[in-house]
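Asks: Residue numbers (the numbering used here), protein chains in the order written: chain Z, 1 to 305; chain A, 1 to 305; chain S, 1 to 264; chain H, 1 to 264.
One or more of the hints may lead you astray.
[Stated by the list, open to error] No farther apart than 25 angstroms at their CA atoms in a straight line, the calculated lysine-lysine pairs in the BS3-like style are these:
(1) S:K189 with S:K207
(2) A:K92 with H:K3
(3) A:K94 with H:K215
(4) S:K244 with Z:K92
(5) H:K215 with H:K244
(6) Z:K94 with S:K189
(7) Z:K281 with S:K3
(8) A:K291 with A:K304
(9) S:K132 with S:K189
(10) A:K281 with H:K215
(11) S:K132 with S:K176
(12) A:K157 with A:K92
(13) Z:K104 with Z:K92
(14) Z:K157 with Z:K104
[Claimed, not checked] Derived DEER-like restraints, expressed as beta-carbon distance ranges:
(15) H:E66 with Z:Y305: 39 to 49 angstroms
(16) Z:H294 with H:E66: 53 to 63 angstroms
(17) S:R77 with Z:E13: 52 to 62 angstroms
(18) Z:H294 with H:K18: 53 to 63 angstroms
(19) S:R77 with H:A89: 14 to 24 angstroms
Hints listed in this document are in silico derivations from the structure and should not be mistaken for laboratory results. Where a beta carbon is used, it is the ideal one built from N, C-alpha and C, also for glycine.
Each chain, written out:
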Amino acid sequence: MTSGLNVNIAGVEFVNPIMTASGCCGYGEELTDFFPLSRLGALVTKTITIEPRLGHPPPRTAETASGMLNAIGLANVGVDRFISEKIPFLEKQKTRVIVNVGGKTIREYAEVAARLNDYGRVDMIELNLGCPNVSQGGMEFGTDPRMTERTVREVKKVFARPVIAKLTPNVTDITRIALAAEQGGADALSLINSVVGMTVDVDTWRPTLTFNRGGLTGPAIKPIALARVYAVYERCRLPLIGVGGISTYRDVLEFFLCGATAVQVGTALFVEPDAPLRIIKGLADYIKTKKIDHVSEMVGKVRKY
Amino acid sequence: MTSGLNVNIAGVEFVNPIMTASGCCGYGEELTDFFPLSRLGALVTKTITIEPRLGHPPPRTAETASGMLNAIGLANVGVDRFISEKIPFLEKQKTRVIVNVGGKTIREYAEVAARLNDYGRVDMIELNLGCPNVSQGGMEFGTDPRMTERTVREVKKVFARPVIAKLTPNVTDITRIALAAEQGGADALSLINSVVGMTVDVDTWRPTLTFNRGGLTGPAIKPIALARVYAVYERCRLPLIGVGGISTYRDVLEFFLCGATAVQVGTALFVEPDAPLRIIKGLADYIKTKKIDHVSEMVGKVRKY
Amino acid sequence: MTKLTCEDTFLIKRRDLKNNYFSYVFRPYSRAVRCKPGNFVHIRLASSDVYFRRAMSVASVNPDREEIEIIFKIFGRGTALLAGCRRHAPVNILGPLGNAFSFPRKNEKAIIVGGGVGFPPLLFLASEMIRKGYPPGDIEFFYGGRRSGEIVERVRIRRLGVNLRPVTDDGSYGRKGLVTEAVEDYVRKHAGERMRLYGCGPAAMLKAMDDLGMKYHLPGQLSLEAPMPCGIGVCLGCVVPLRKGGHARVCRDGPVFNIGEVLL
Amino acid sequence: MTKLTCEDTFLIKRRDLKNNYFSYVFRPYSRAVRCKPGNFVHIRLASSDVYFRRAMSVASVNPDREEIEIIFKIFGRGTALLAGCRRHAPVNILGPLGNAFSFPRKNEKAIIVGGGVGFPPLLFLASEMIRKGYPPGDIEFFYGGRRSGEIVERVRIRRLGVNLRPVTDDGSYGRKGLVTEAVEDYVRKHAGERMRLYGCGPAAMLKAMDDLGMKYHLPGQLSLEAPMPCGIGVCLGCVVPLRKGGHARVCRDGPVFNIGEVLL
Ligand SMILES: Cc1cc2nc3c(=O)[nH]c(=O)nc-3n(C[C@H](O)[C@H](O)[C@H](O)COP(=O)(O)OP(=O)(O)OC[C@H]3O[C@@H](n4cnc5c(N)ncnc54)[C@H](O)[C@@H]3O)c2cc1C
Ligand SMILES: Cc1cc2nc3c(=O)[nH]c(=O)nc-3n(C[C@H](O)[C@H](O)[C@H](O)COP(=O)(O)OP(=O)(O)OC[C@H]3O[C@@H](n4cnc5c(N)ncnc54)[C@H](O)[C@@H]3O)c2cc1C
Ligand SMILES: Cc1cc2nc3c(=O)[nH]c(=O)nc-3n(C[C@H](O)[C@H](O)[C@H](O)COP(=O)(O)O)c2cc1C
Ligand SMILES: Cc1cc2nc3c(=O)[nH]c(=O)nc-3n(C[C@H](O)[C@H](O)[C@H](O)COP(=O)(O)O)c2cc1C
Ligand code: FES
Ligand code: FES
Chain Z
1 MTSGLNVNIA GVEFVNPIMT ASGCCGYGEE LTDFFPLSRL GALVTKTITI EPRLGHPPPR
61 TAETASGMLN AIGLANVGVD RFISEKIPFL EKQKTRVIVN VGGKTIREYA EVAARLNDYG
121 RVDMIELNLG CPNVSQGGME FGTDPRMTER TVREVKKVFA RPVIAKLTPN VTDITRIALA
181 AEQGGADALS LINSVVGMTV DVDTWRPTLT FNRGGLTGPA IKPIALARVY AVYERCRLPL
241 IGVGGISTYR DVLEFFLCGA TAVQVGTALF VEPDAPLRII KGLADYIKTK KIDHVSEMVG
301 KVRKY
Chain A
1 MTSGLNVNIA GVEFVNPIMT ASGCCGYGEE LTDFFPLSRL GALVTKTITI EPRLGHPPPR
61 TAETASGMLN AIGLANVGVD RFISEKIPFL EKQKTRVIVN VGGKTIREYA EVAARLNDYG
121 RVDMIELNLG CPNVSQGGME FGTDPRMTER TVREVKKVFA RPVIAKLTPN VTDITRIALA
181 AEQGGADALS LINSVVGMTV DVDTWRPTLT FNRGGLTGPA IKPIALARVY AVYERCRLPL
241 IGVGGISTYR DVLEFFLCGA TAVQVGTALF VEPDAPLRII KGLADYIKTK KIDHVSEMVG
301 KVRKY
Chain S
1 MTKLTCEDTF LIKRRDLKNN YFSYVFRPYS RAVRCKPGNF VHIRLASSDV YFRRAMSVAS
61 VNPDREEIEI IFKIFGRGTA LLAGCRRHAP VNILGPLGNA FSFPRKNEKA IIVGGGVGFP
121 PLLFLASEMI RKGYPPGDIE FFYGGRRSGE IVERVRIRRL GVNLRPVTDD GSYGRKGLVT
181 EAVEDYVRKH AGERMRLYGC GPAAMLKAMD DLGMKYHLPG QLSLEAPMPC GIGVCLGCVV
241 PLRKGGHARV CRDGPVFNIG EVLL
Chain H
1 MTKLTCEDTF LIKRRDLKNN YFSYVFRPYS RAVRCKPGNF VHIRLASSDV YFRRAMSVAS
61 VNPDREEIEI IFKIFGRGTA LLAGCRRHAP VNILGPLGNA FSFPRKNEKA IIVGGGVGFP
121 PLLFLASEMI RKGYPPGDIE FFYGGRRSGE IVERVRIRRL GVNLRPVTDD GSYGRKGLVT
181 EAVEDYVRKH AGERMRLYGC GPAAMLKAMD DLGMKYHLPG QLSLEAPMPC GIGVCLGCVV
241 PLRKGGHARV CRDGPVFNIG EVLL
């Protein structure tokens, strides 16, 4: 536990501010081949829904310039198997566990949250309010402030520990959605989820994904994510968790400076599964060299013109 | 004039579907060092406003992963000097000229358009309804359907030739804005303008741009642009001009398949000023090899799943 | 337990096998000793166009010298970039990943079927079987390609002592036709003998192998391909549908699957 | 008229000048003959991190052999990538771009002042002046750097016959202190003589040169730097404010500006 890196979000202590992003680390099992999960600030699971889901048929990922497109379609084991199969594994891991929750209706979100409430191993939940890759649910929740507020409020009623609202960037004004989530009782915000995109295979004239469109992620979207974090930081007092295109500790510094208290690493894990270790070391070295006592001193400190 | 490449938009004939995007080719002078402008389908000028503008202080561009961020701030010579200094040059060029128009108020858009109406050299105008890089004007026009509709309508009253509305992707639902522009009388739509983004110089803790945020462009945003073109194509019958991240003829094919009738090349000009020539040749070869009589046969023909 | 990691290694031997095929040897790769036939490595190609790693089957190893070999063919951007690597260039490798082929029983004939650039893991499989004492003469190594030039490393395969049975679309080398037709003829002729099928190659070939295995009730395994963003099982991008329902990840639950397991 | 274009050329000579400085010679570059002192070329470095070209001043040309030379120092990602190029690597060059220095009159002394990696265009300037008949002895070549190792190509500069006046921050080579202090001393000592200043180097040095020129009423030119997305004048990204108001594009209206022209 390197000193100066621990962060506290809504009363929960994290050994460091580096989390693995939802959908990019499964339920944690595979990453243990690379490092003990205790090295992470937190692991954020793939979105869990009330029913198991297979997701869309392949191909459901495509490569883009400095990024990727995906329309996995919220494939997951469902909350029951998550509880019976994944929680026992997670019980043995000395890391914070944030379970990402999705649903087709507000009721479904609340049901999953209520089931998870009984398992202390789940330190927090993160609501996926903006998945571009499903026909029903996902997007609507995060593009309409009222839906955002109600979803968060209903979940807060049934889940006793902190709730994070994860926002989509595919809106005209993300600060309105952020304030709605705050109004609904969110304890923190994660931003951003993937950006709606599409590509076409010009050899076959087919979309590269069977869902036709998908979510753009990776280094390509980092500037988009930073702008959103900064915009929300200026208007909303909730702790922010930055996500989008992070692959180095310098990317993380940008997110801190724009107002993030912690960050999540997503697509970069695909290129380098042990990226979090490299990033954590980079951060520790940076604050040491710069004689910064604690990473929190950087939060929001971008020297705006 | 290679056969099979000419396109017609709102009654105007273009020798080919390749245009240079606003803000990426000045007023055309510099590009003549590289090729005669007659090789282009059209040249789209930098946004012209009623008053000359210096734009933001430097630094006002930054490099990003597979793209760039800019906040030039609509630096331009103003409509008077455009008419006195640039139109004489453009008179000598055998290419279509589309003048991009901007303003702080609807009235300003209309005033510039009215001035340009007297100059037949201006084949069309393109309204910049979504520039993220100015504090006043720009964004508001393109994020509110009513403002979009009114701006287009007022401009149509004073400009007798076709009017293109250029849309911003920074909205929840671009199809609503597209339909509003159609309602206002737009003859065609260009999409997309740049995507709001931000980056921070972690050595100085300053934003990389003096305007703090800027517009993301280049290959990084191509999937975002394609998704917007496709979404609008499904709902709106106006001819579409695709813009965003195009640097090869294969990129252009993707835009055609998603519904664009023509395309604009922007940031790629910075890396390769003669990219349009390469692209035009690539297209001509492609339709020949594939025995496609005319590029228009590809428009909207993506084989959706 | 030693953890997996991304490892920087060097391209120390680069052979141009002609017709866009290349053999690359990397050293030092500390995990060479852990590579089993069927495993693949995930290779980084830092470039703006090629964001993901590219999966390459292990074609041979030299654990003492910490070397591994891959054999690939230029197909698209990724492999073109790989082909541009010069000797001594650093290359970042993640692996070994995926599961491995299971060896045949002693009394089973091994019917190995490679199509095009699918042969490298099978080359490794045959070598390892022989090293473990399996009689080379009991290995039928079918190898299909379009033209003669696409059947590479023939001498090397023959030198193993296996029965190389080349098949080309145009008959320019070996038998003419589809490799799976040749396999079916063989299987029919040797009906009653114990056999185990091993296949790796293009989708159509794998499908034919799968059908053949089920038709003749032969056990066996197929190594599949899929675009692999992560290669380690976390992205769920590489899934294939299973006959029993549900999806399997090619990268982690495979790439080797039993005949009849996957809906091809 | 022959049009400009992006031209593929090859790195045919690569000299490591130590302390992270490199000299690269490219051939064949058909536009070598058109390069004038002050011009720059815009170099493509295809990579995901480095999307823009990088500007490099022309340091010398050999028009007969269609060669141009650049000299650079590793500073960030772009130059690190450039430094990784091997001999014979293809390199795409756009240029020559920008304006050029104007030569001094016959009766003027040329006070050339290079700071750090700003010296390459001045090396070209001095060579060309001499080639055109300007007496080398009338050229004072001030060259400032942090340490001795940062004053590269000394022998080559001396061989031109100019008066090389090295200045280092720590005095490890030549005079100790700032190069502009040395220039000011010289100018003061030679007050009354006709002189023309030429400067290229870090921002602070250019500012000091500008002040000095205005203070002593000396004509001269400074070559500026700015991040240059396009290099050809179309993006308006590289602007600097002018003293008379308005902006100038460093890439097209410069990079060479008269003393007093730009608000530094
Ligand atoms: C387990 C396994 C073993 C393999 N072994 C070999 C081998 O031994 N020899 C050999 O020549 N080839 C092998 N391949 C195939 C190889 O990985 C390349 O994908 C294939 O050759 C395509 O070539 P490319 O990368 O040049 O094509 P590209 O044109 O660069 O890519 C082809 C298409 O696939 C997509 N794509 C490519 N890689 C990925 C990825 N990782 N994730 C998502 N999308 C992707 C691209 O976006 C593009 O649309 C293997 C593949 C797998 C899965
Ligand atoms: C006219 C001119 C002549 C020059 N001549 C020389 C020379 O002879 N020798 C020499 O060593 N250097 C020269 N330079 C500087 C050189 O171009 C590099 O920009 C500088 O060395 C920075 O190094 P880098 O690219 O490795 O830094 P990086 O860290 O890669 O870039 C530094 C910063 O500048 C930004 N940046 C870099 N290039 C651009 C661009 N083209 N457009 C927008 N932003 C950009 C990057 O995003 C980054 O933030 C010259 C510059 C100019 C303008
Ligand atoms: C393959 C893939 C699957 C994802 N699945 C989910 C998911 O199930 N729930 C969710 O909230 N976000 C999901 N995301 C979004 C990421 O958590 C993250 O917000 C996004 O990828 C941006 O971060 P990055 O650029 O670091 O990847 C997924 C992203 C990828 C690439
Ligand atoms: C430096 C720069 C300046 C731009 N200026 C304008 C402008 O004045 N008006 C406008 O409508 N779009 C402007 N754009 C946006 C482009 O016209 C285009 O919509 C965008 O760059 C996406 O295309 P690209 O990815 O091909 O660059 C500018 C873009 C860049 C990079
Ligand atoms: S490639 Fe990511 S799960 Fe298989
Ligand atoms: S670099 Fe584009 S105008 Fe100068």
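Asks: It remains to establish, for every hint, whether it holds in the given structure.
Replies: Status of the hints after comparison with the structure:
1. At most 25 angstroms may separate the alpha-carbon atoms for a hinted pair to count; S:K189 and S:K207 meet this at roughly 21 angstroms.
2. Distance check on the hinted pair: A:K92 and H:K3 sit about 18 angstroms apart at the alpha-carbon level, within 25 angstroms; holds.
3. A C-alpha spacing of about 50 angstroms is found between A:K94 and H:K215, which places the hinted pair above 25 angstroms, so the restraint is violated.
4. The hinted pair formed by S:K244 and Z:K92 fails the criterion: a straight-line CA distance of about 31 angstroms is larger than 25 angstroms.
5. A C-alpha spacing of about 18 angstroms is found between H:K215 and H:K244, which places the hinted pair at or below 25 angstroms, so the restraint holds.
6. Taking the CA atoms of Z:K94 and S:K189, the gap is near 59 angstroms; set against the 25 angstroms cutoff, the hint is violated.
7. Annotation: proposed proximity of Z:K281 to S:K3 holds, straight-line Cα distance about 17 angstroms (limit 25 angstroms).
8. For the suggested pair A:K291 and A:K304, the alpha carbons sit about 22 angstroms apart, so the restraint of at most 25 angstroms is met.
9. At most 25 angstroms may separate the alpha-carbon atoms for a hinted pair to count; S:K132 and S:K189 exceed this at roughly 28 angstroms.
10. Taken as a hint, the A:K281 and H:K215 pair is broken in the structure, with Cα atoms around 56 angstroms apart against an allowance of 25 angstroms.
11. For the hint linking S:K132 to S:K176, the alpha-carbon distance of about 33 angstroms lies beyond 25 angstroms, and the restraint is violated.
12. For the hint pairing A:K157 with A:K92, the CA-to-CA distance comes to about 29 angstroms; that exceeds 25 angstroms, so the pair is violated.
13. Of the pairs offered as hints, the one joining Z:K104 and Z:K92 is violated, with about 31 angstroms between alpha carbons and a cut-off of 25 angstroms exceeded.
14. As the CA atoms of Z:K157 and Z:K104 are separated by approximately 18 angstroms, the hinted pair is consistent with the 25 angstroms bound.
15. Roughly 45 angstroms separates the CB atoms of H:E66 and Z:Y305, a value that falls within the hinted 39 to 49 angstroms.
16. Distance hint for Z:H294 and H:E66: a CB-CB separation of about 58 angstroms, consistent with the stated range 53 to 63 angstroms.
17. Separated by about 45 angstroms at the C-beta atoms, S:R77 and Z:E13 break the suggested range of 52 to 62 angstroms.
18. Our hint of 53 to 63 angstroms for Z:H294 and H:K18 is violated, since their Cβ atoms are close to 41 angstroms apart.
19. Between S:R77 and H:A89 the C-beta distance comes to about 19 angstroms, which sits within the given range of 14 to 24 angstroms.
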